[in-house]
Amino acid sequence: VNARAPQPYGRVIPRGATADSGLFLVHRGDGKMLWEIPDSLLGRDMLWLTRIAAAAEDLSPFTNAGSNVHEYLVRFERDGDRILLRSPGTRYVADTALPIAKSIAANTFAPILLDPQRSYVASVKSFPQNVEIRQVQTFDAQEPPSQAATATVSLTTAQSLVLLPREPMRPRLADERVGWFTLRQIDFGSTELKAAERTLLRRWRLEPKDPAAYARGELVEPVKPIVFYLDPGTPVEWRPFIRRGVEDWNKAFETAGFRNAIIARDPPTAAEDPEFDPDDVRYSTVRYVANLTRNAMGPSVSDPRTGEIIESDIIWYHNHLRSYRNRLMVETGAANPEARSLQLEPALIGETVRQVIAHEIGHALGLPHNMIGSSAYSVDSLRSPTFTAANGVSPSVMDYARQNYVAQPGDGVTHFTRMMGPYDLYAINWGYRLIPGAATPQAESGTLDRWILERAGDPRYRFYGGDGIDPRAQTEDIGADPVAASTLGIANLRRVLPELPRWTATPGENYDDLEELYGELVSSYARYVGHVITMVGGVHRDAKSTDQPGPVYTPVAAADQRRAVAFLEETAIAAAAFLAEHVFATPTWLVEPAVLSRLSASGALERVRAAQASVVARLLDANRLQRMTETTMAAPGYTPVAMLADLRQAIWGELSGRGAIDPFRRQLQRVHVERLATLSVADGTVTEARPLARAELAILDAAI
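In this note's numbering, the protein residues as written are 33 to 736.
Warning: the hint list may mix true and false statements.
Keeping only pairs whose Cα atoms sit at most 27 Å apart, straight-line, the calculated BS3-like set for lysine-lysine is [claimed, not checked]: (1) K256 / K283; (2) K157 / K64; (3) K241 / K226; (4) K283 / K241; (5) K157 / K241; (6) K256 / K576.
Please keep in mind that the hints were generated in silico from the structure rather than gathered at the bench. Here the structure is a predicted model, which is why all the values come from computation and not from measurement.
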């Protein structure tokens, strides 16, 4: 018998083999696992997912059980007596009825995936819409993350083969004015005189149970709601907060016409669902990961043909509780008595868990970060008890605006955390509401554009992920005025610092907690200062369509740039000179003796030098100077020459007779000269920084 030819069924399947029916029929016996693939599934699109099911200790901060490693669109095809596994591309598209579709097929030949010796298959489970494979893989490792003596790393990987819908979901075209995760395709079937790129939203398929009622504007439940299961390893005390964080999004889905669109469920018992497995792609989960990473993530898996989200596994890292404990104490402790302890009340820390989960669920629903959100609220509003109780700190939970560090003691504010806001409801409606009568994605565009224009004048509905240039769109900032917000934030840090020894004290313990919280406070100070630095040479970006008036890019007003830097002696306006007052006038409060005497024998000078050196380096950045030069060519503004002069006054005031030059000032002045010297000889394409730095050195040389 030719062993390579097809064999009789009874000879291929081992005697006594067990069978598991589902998407495929899986046979197991005689040390073999065989898949029986129905003819009806040959050529069908499937998604092949690879995830970590069990990870080595300390493998990587962001690689853990549940992490997605890779995704392939695949098809099983028969070639004579062989079964091939191919991975077709999805980037190039065209209507299959168009002649050019044949050219795309000829020029995107799908590779065949081979390498059967790569791994050891531990188990295979077949479900109605997917096959779940577990592989145990061991690798030689020169520097394994744990158990170094073994010189190996072992992982269990989860492979999911998911049958994609025979009828792909109708996609929705993206618009940069509303924030969405997207996928990009090249549409060769476009009538444009080019290979046109189209960008599709990544979103779940929501279809109303009662289309007629939905079309009348009534709230309707979806045919298939979005369901997230909690990880069985989730501590019981945090489960209510996690469930609320998931289901908070029902308010947003109601704006899109759907009731009970998203549901959070506790992990089922074996009796309730004997097949429940967090690694099974049929279940979207909120994974609770026991490692030292201080973060959370909201990834999802989508159909590469249309952007339809198939499933999601939110990841909450246990040690993120530590992040929020620390930030609540440092940033809100001055005005929030409940934050003045290492052991916070469950209701307070639980509320932060809820909001983080809501933020990550937002990612899983398709929404990216919206860093411009918090700039819609005035600094005065953030000090109002009624406003903050109703609105939090930003119109979007997708903003990195975690705590209210602006509220002062005596303001009476009691709500210090973020919450879902009007932008989130608007974005979900824009992406998920069905548009009756629109038969194609292109036919929806007019309605979608109108929804944007209706909100264009309201800053609560702006979207921008940020680029480090627009001071309105920064990470971890709040309020419309960075100078005012950071001034109030630093005032709170100055109140908190002397209290840290008492708030972090634990009888019988050393000062490790004090050192950690002090480090967090210094980081907060640097972050607030950084928010102000971005104003210098800053440019506002407002995405617009070609039929909207006005520019997309607008320089920050010269007066606002200058008040971030300038040394102003007049008492009435001295507070406006933020960097001069809070950085270049030695921030000796940062080296509080009651704190540093418990942490180290020395280091005050270096701590201040490092803080000031970072600011000098960021201000004297070649790209910033180039940007200031360009923006002031078009219209009068804050020129780099003026900024350098203001900086010189702030750092070298003693040359005009203002006091003695102490060690703190000497090291700041050395930092300034060294940075100018570096710029004056630097090579590269940014040309303005070099002559500006050389001129400034000449002025300093004469004055000194």
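Hints, verified against the model:
no., hint, result
1, K256 / K283, "17 Å, holds"
2, K157 / K64, "14 Å, holds"
3, K241 / K226, "41 Å, violated"
4, K283 / K241, "19 Å, holds"
5, K157 / K241, "32 Å, violated"
6, K256 / K576, "35 Å, violated"
The earlier numbered hints that this structure contradicts are 3, 5 and 6.
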